[in-house]
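Protein chains: 4
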Amino acid sequence: MIIDALQPTADDRFTFGLWTVGNPGSDPFGLAVRASMTPTHIVAKLAECGAWGVNLHDNDLVPFGASAAERDAIVSEFKAALKVHGMVVPMATTNLFSHPCFKDGAFTADDPRVRAFALRKAMDGIDLGAELGAATYVFWGGREGTEVDASRDPRTAIGRMRDAIDFLCDYVKDRGYAMRFALEAKPNEPRGDLYLATTGHMLHFISTLRNEAMVGVNPEVAHETMAGLSMTHAVGQAMEAGKLFHIDLNGQKAGRFDQDLRFGSEDLKQAFLLVRLLEGSAGGARYDGPRHFDAHAYRTEDEDGVWEFARGCMRTYKLLAARAAAFDADPEVQDLIAERTDPQLDPLLADYSPQKAAALRAVTLDPEAIGQRGLQRERLDQIMTEYLLGAR
Amino acid sequence: MIIDALQPTADDRFTFGLWTVGNPGSDPFGLAVRASMTPTHIVAKLAECGAWGVNLHDNDLVPFGASAAERDAIVSEFKAALKVHGMVVPMATTNLFSHPCFKDGAFTADDPRVRAFALRKAMDGIDLGAELGAATYVFWGGREGTEVDASRDPRTAIGRMRDAIDFLCDYVKDRGYAMRFALEAKPNEPRGDLYLATTGHMLHFISTLRNEAMVGVNPEVAHETMAGLSMTHAVGQAMEAGKLFHIDLNGQKAGRFDQDLRFGSEDLKQAFLLVRLLEGSAGGARYDGPRHFDAHAYRTEDEDGVWEFARGCMRTYKLLAARAAAFDADPEVQDLIAERTDPQLDPLLADYSPQKAAALRAVTLDPEAIGQRGLQRERLDQIMTEYLLGAR
Amino acid sequence: MIIDALQPTADDRFTFGLWTVGNPGSDPFGLAVRASMTPTHIVAKLAECGAWGVNLHDNDLVPFGASAAERDAIVSEFKAALKVHGMVVPMATTNLFSHPCFKDGAFTADDPRVRAFALRKAMDGIDLGAELGAATYVFWGGREGTEVDASRDPRTAIGRMRDAIDFLCDYVKDRGYAMRFALEAKPNEPRGDLYLATTGHMLHFISTLRNEAMVGVNPEVAHETMAGLSMTHAVGQAMEAGKLFHIDLNGQKAGRFDQDLRFGSEDLKQAFLLVRLLEGSAGGARYDGPRHFDAHAYRTEDEDGVWEFARGCMRTYKLLAARAAAFDADPEVQDLIAERTDPQLDPLLADYSPQKAAALRAVTLDPEAIGQRGLQRERLDQIMTEYLLGAR
Amino acid sequence: MIIDALQPTADDRFTFGLWTVGNPGSDPFGLAVRASMTPTHIVAKLAECGAWGVNLHDNDLVPFGASAAERDAIVSEFKAALKVHGMVVPMATTNLFSHPCFKDGAFTADDPRVRAFALRKAMDGIDLGAELGAATYVFWGGREGTEVDASRDPRTAIGRMRDAIDFLCDYVKDRGYAMRFALEAKPNEPRGDLYLATTGHMLHFISTLRNEAMVGVNPEVAHETMAGLSMTHAVGQAMEAGKLFHIDLNGQKAGRFDQDLRFGSEDLKQAFLLVRLLEGSAGGARYDGPRHFDAHAYRTEDEDGVWEFARGCMRTYKLLAARAAAFDADPEVQDLIAERTDPQLDPLLADYSPQKAAALRAVTLDPEAIGQRGLQRERLDQIMTEYLLGAR
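Chains as they are written, first to last, in our numbering: chain A, 1 to 392; chain B, 1 to 392; chain C, 1 to 392; chain D, 1 to 392.
Hints are not guaranteed to be accurate.
Copies of the same chain look alike in the list, so a pair counts if it fits in one copy or across any two.
Claimed, not checked - Using 25 Å as the maximum straight-line C-alpha spacing, the simulated BS3-like pairs for lysine-lysine come out as follows:
| # | residue 1 | residue 2 |
| --- | --- | --- |
| 1 | 356 | 45 |
| 2 | 318 | 45 |
| 3 | 356 | 173 |
| 4 | 79 | 269 |
| 5 | 45 | 269 |
| 6 | 45 | 83 |
| 7 | 79 | 45 |
| 8 | 318 | 269 |
| 9 | 45 | 173 |
| 10 | 318 | 356 |
| 11 | 356 | 79 |
Hints listed in this document are in silico derivations from the structure and should not be mistaken for laboratory results.
Only chain A is shown next, with the shape it has when bound in the complex:
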C-alpha cells in the first residue's frame, strides 16, 4: 500500500539541479566517469522520473563567456524543452566559484574588479532566472572565505557581503521581478573556512539587511551535517522566523568532505525528523516550497545509475513522509508528546510584569519531586524507530 503511493506527483514539488543529475563524476582524485548530458536531455529524463522542476546555475545552461546570441539560442531551446515535458524552473543561482577569477571570493574578494564582475554576473543570472520563471534565487558563496585569516578582517567580508546582497535585492525590485533570495551556508570546503558558516549565522546576517523581508535561507542537509549540527533544529529556527525560502536535501556523514549523497542514504532518523517538520504532520504549516535534491549519483554509476539515484531520492522522501504521518497519528505518540499545561503557571511565563515576578516567587515548587518524574523518551524514541523501520 505504502509502496503504491511512492510515485512522485507535482504536489510533491520535487526538483533537481542540472548540476546534480548532470554531474559527470570527477573529484579531487579522479577524472569524469560519465559523459556530459545536455540540459534538454536532463529535462526530459527528470520529467520521466516524476520530478516537478529543474534548477540551474547560469553556467549549467549558458557557458561562461557565451555571446548574447548564443545565450538566447540556448535559453530558447531550453524553454521549449521545459514546455514539452511540463517542467518548471523554481530556482536559479549564479556560479561564483568555478572560474579562477573567484579564487579568493566573489562578493567578499579583496579585488574590486572581482566584486564588480561578481555583481554583474549575478545580475545576468537573475535576469536568466526571471526569464525562466524562477521565484527563488539562491546564493551560495562557495569562495567567500579564507585559508589565511590574516589577509582580511571578517568584519570587512561581512560588510561587503551585505553591500552585494542589498544591491541585488534592489536590482530585483528595480526590474520588478517576483523573486526572493535564499542564502545558503556552508562551514568549509572548498575554502578553509567560509564566512557565515551555518544557517544560524546566515539568519543573523539576513536580519542586518536593508532588504531583510525578501531574503531567507536555503539550508542544506550536507552543509549543516558536515559541522555535526542538527539540520532539524536549523530548519526549525528558520521556519519559526518565517525564513525557510528553499531547502537542499541530500545525505552526508558528519565531520568529512561534502558528500552530497542520495537523500536518505545517511542518517535516516534525521531525514525522518526533517521530512516530518517539512510536511507538518506533528503540527505547524506544511512547508510549501520546492523539495530540491542537491545531490549526485556515486561515481561508480553510469547514466542508468543516475536515474536510479533520482528516483531513490524521491521514493525515500515519500516513504519517510508516510512513516511520519503514521507516527503522528498514533494515539500513544500523541499522548507522549502532548503539551503539558498548568493554568496557574502558564500565564506567568511570558510578558513580564512585577506582579508576575512576585507571583512566580510566591508559588510553591518542589524541584526534587519534579526531577524524579521520568519523561518516557526512551519509549518515544523506540516507537519512532519502529515506525521508521516499518515495524509498527
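Chains B, C and D: place on chain A using the hints.
What follows is chains B, C and D alone, placed relative to chain A:
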C-alpha cells in the same frame, strides 16, 4: 623583553570563574582529584596570580537551597574578600543545568513548573549578580536541547527561550540594574543537540527579541571549535554587529568532548588571530570587555597545578597580543594586507541605482587576467607563522 | 509477523553491564537523576527483559577497598541471584579509571606504584571474573593517554601496555582459567588522546604480544564512530583476522562526546550493516560471542525508562537481523552482489611467479571500456534502504 | 641565530612530490588556477629552494597510456635533470585512483580485470621507481573503499589487498630491487569510507603479510588528523614497531576535507611534537628517512606562491626542530619528564612469574596518597608552549 611584559595588569581585564580554578577534576569516568576550595580562597589566589576579576554561577557561591540568611552571610563574606584583594565580579550567571529538575531543559522544558522554577532562579541570580556589581549576566543553556527530537518541536523551544529572555530583560529594567545579557551557544554536550547551537544561531535569536538592544553574545573558543567552526569568524560577526558583550577563552580540539583546556594550549594560530581581533592591532576598536578564561586545569594537577594553569592562560594571552602587535607593525605585512581600491569601481559596489547597474555592465573587466594574479597568501601566512613562533 | 519474533532468547546472547542499566545519569554538568540499583535487582530485571547475561567491572559489584569478607559475601549473594534468574556472566573487566590514583593512566602510568596497583587490581578482577564464569576479560584503558604529550614518549607507553597485558595473560595461564582477553580502543575522552586509539591500532598491538593467541578485540560502535570511522570495516578486519572476541553495541553521533545511546537510535544503516556482518546473512560464519549493549538510558528517564531502553536495544537488534536476512535472500540483491569471476585472470592475481607477471603483462585489458561499466550501486543501496525501512 | 640556521641542507632529507608543487589548483568547485609545470622545471626549482629529493606517481612523469618509446624519452630527460640539479628520487608510487577504471577500487575492485590492470600498472611503476633509484615505494589506496557497504564484504577487500601487496613484494624480490614498501592510510575521501582507515589499521594489516619484513607505513599528518587522531601517537606506534618507512608532512584541520596545507600552518603544537619525535631530541633514534611534504599551495597563489609555500614547509620544520632541541635541553624540562624508578617495584612489572604475582600482592600501596600527588603537567605544557612561541 617580551617576557618582562607578561605580568598581568588590571588593564588586561583577565577574569576566571569560581567554577574554573575551583574545578575538582571529576569527569564522566572518574572521581574528584582535588579538594574543594572556598570562594574566598579562590579570590585571594586569583588576585595573587594577577587576575582582575572573578565570575560565578549562583551556586558556585550560594549552595542550592540555602536559606536567605545563609545566602546573605556567604555573600557578605565574599564581598569582604573581594574588597581585601581588590577583585571585581564583572559577570555572573545561573546554574540551570546541574539539578535533576533541569534534566530536560530549563527555559525550554516541557514542564511549566520547570520553566517557572528556572525563571525564579534566574531572577535570584540576577539579583546576586547586581549585588556583586556584575555588568554582564551570561546565559548558557546547558540543558536546552534534546536527544529525542520527536518530543518537542524546535519552534516551540525557541519560542519558550524568547519568552524567558525577554521576561528577564524586563526584570532587569524593572529593577533598574545596569546589566546587559550575554548568550552563550554550544552545539552539544551534555544534551545530544543543543538549541541555538552556535554564536551565529544565537545572534539571530537575539535579533528576534523585544529587548534586542540589551542582549549580546558570549562566544566560547571550545564551543565553536567543537563544531569545527572558526572562532575568529564568529567573534568578527558579533563585533561587526556590536554584539560582543563577553568572551570565554580556552583551548579545544575539534570534533570531540568539551575540553576547556588552558588558553593557547591548542590551535595557537586561531588563538593568535582571536587575540589580534580582540586587541585591535590590525584595525577596529579594541574589545573593552573582560577576557574570561572558562577553562580548568588538567585532572593530573594538584592545587599548585591549578595556579600554574591560571598564570599560563594569562601569559600566553599577553604573549600572543605582543606577537600580533609586532606582526601588524611589520611594513611587509601592512603592504600585503593593504586594501585594494579602484576609484572607478568602488562607488559602484554598494547602494544600488539603475545608473550603477548600467555602469557596472559597461565597464571592461578581464576575468582571465584577474584570475592569474597571485595573492601572496602563502607568504603572508608564513610571515604570520614566524611571528607566532617568535622567529621574526 | 516480524514483530512476534522480536522477543529475545538465550540464542541471541544479549548482555548488558551492571554499569549500563545501573547508570544513575550523572554527567559532567549534572547530578545523578536515578537512585542506585543493587546488582541483584539488576540481574532480576534484566532476566525479566529477556537478556541472557550480565557483565561487570570489579567495582560495579565489589566496592573499591572492600575487605575479603565483604567481597565474598557480595559475590555469594550475586551468584545466588544469577542462579535464581538463569543469568550468566560472560564477560568481566577491571575499573582502572575512576580512582584518582589512575588519573594519569594505569598500565601506562609514569609512577611504578600505579602500574603495580593496576596489575594487582586486574589480577583480582580476573579472579572475580573466573569465579563468575566469565570466558572473556575486557581491557578498556580509560586513562591510558595524555593531554601533554611532552610528558611521555608514546613508545614507552606502548611498551608498558605490552608488559602488562603479557603479564596478565601469563597470570591467566598460570591459574588455569579458561579465559581470553578482549582489548577495547577509544580515540579520546576522558583523556585528550588515548593510546591505541582505534580497533586497528589495537589489532596491531595484539600482533606484537607474546601471548597473541589469547588476545582479541572488543570493538565499540560509539568509540569507532566518535572518530568518524566505519564500525563495519573495523569489525570486518577483526573477523578476518579471527580476533573478534567480544563486541560493544550502542549508538553515537560522529565527532562528539561519548554518548553510549540505545542501540539503533543513531545511524540505522551502519547498525544494519553491522548486524548483517555479525549474523552472517551475507556469508561468513555467524559471530558466536555475546551481543553486549554498552549503553545507558537518557538522563530524562526514571527506572521504567531504563527497562524500556534495554528492551529497545534488543528489539532493534532482532528487527535489523530479520531485515538483513530478507535483504540477503532477495534474488535481485544476490545478483547485484555476486562475485565476478574470470577464469583467465583469477589465477594470476595472487601468489606471484614470474610466469604470472609475464601473463599479466601479456593479457589484453581495455581500461576505457572497463571504466564505462555502471556498477548499479545506487540501486543496491536503495534496495537496502527500502528493506531497512520495511518497505520491500 | 636560529634564523640563520633555517636554510635546508641535504642532511635534512626534505622532499616534495611532482604532484605537490605541480598542483594546478583545481578542486571540486573550481578550475585550475595555475599552468602546468614540466617535471624538469620542478626539479630545477625544488633544487633552488633547497630540497634534497623529488617523489612521483608514475603518471606525474609518464602520461597514462604513453608508449614505451615515449616513456623512455621522458625518463631519460628527467634523469638528466636530476643529475644537473643534484636531486634524488627517494620514493615513487602508482596512480591507482585517477582513471575511471579505478572508480571502485584497484587492488580491491570487484572486477578481476581492474585488479589485473592495477597489478600490472604497479609493476610498471615499481620498475620506474627502481630505475630512478627509489628505495621506498608507497601505496595509497585512494579508491580502496566504498560508499555502499552492501556491495562488498570488508573481509573480501582485505584479502584482495593482501594478495596484491604480497604479489608485488615478491615481484620486487624477483627483480632484485633494493626497495621497501610503505603503506599509507586515509579514513575517507574520495571514497565514503576507505579500508584500513588509519595507520593503526595498516600496521595490523602489515602484520598479516607473508612479506611483512619489507613493508612499513607512510603516515600522513592530514590523514590521521582528518579523523581527529593523534599523529604523534600513530608515528610513535609505527616507530616502536620498526615500521616507520616514510612520512608525509602537511597541515590539516580535524573533521573536514583533505586540505594538504603547508607544513606547520595548522596545529603547531602537534607539528612540534611530531618533529621532536622524528628528530629524537627527547630520546630514541632520529628517523633517518625522507621528510616528504605532501602538500600544495593555496589556490590563491601563482607560481611564485608555490615556491614560497615550499620554502615555508622547510623553514617551519627546521624552526620546530630547533625549538624541540632547546626544550629538551632545558634542565627543568629534563627534571619534569625524568622517568620515575622504583627498585622494589620495577622488576615486578613485566615477565610474569607466580613469585612476582605474590610479591605484587604483598607490597604496601596507598592509592589515596598516590592519587594526591600533582603531576605538574600544566607547568610542562606551558613551558613547551613558550619554547614553541620562542619566548623562553
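So, going through the hints one by one against the coordinates:
no.	hint	in the structure
1	356 with 45	neither (62 Å within a copy, 42 Å between copies)
2	318 with 45	within (20 Å within a copy, 40 Å between copies)
3	356 with 173	between (46 Å within a copy, 15 Å between copies)
4	79 with 269	neither (39 Å within a copy, 41 Å between copies)
5	45 with 269	neither (30 Å within a copy, 29 Å between copies)
6	45 with 83	within (14 Å within a copy, 57 Å between copies)
7	79 with 45	within (15 Å within a copy, 53 Å between copies)
8	318 with 269	both (14 Å within a copy, 18 Å between copies)
9	45 with 173	neither (35 Å within a copy, 54 Å between copies)
10	318 with 356	neither (47 Å within a copy, 47 Å between copies)
11	356 with 79	neither (62 Å within a copy, 31 Å between copies)
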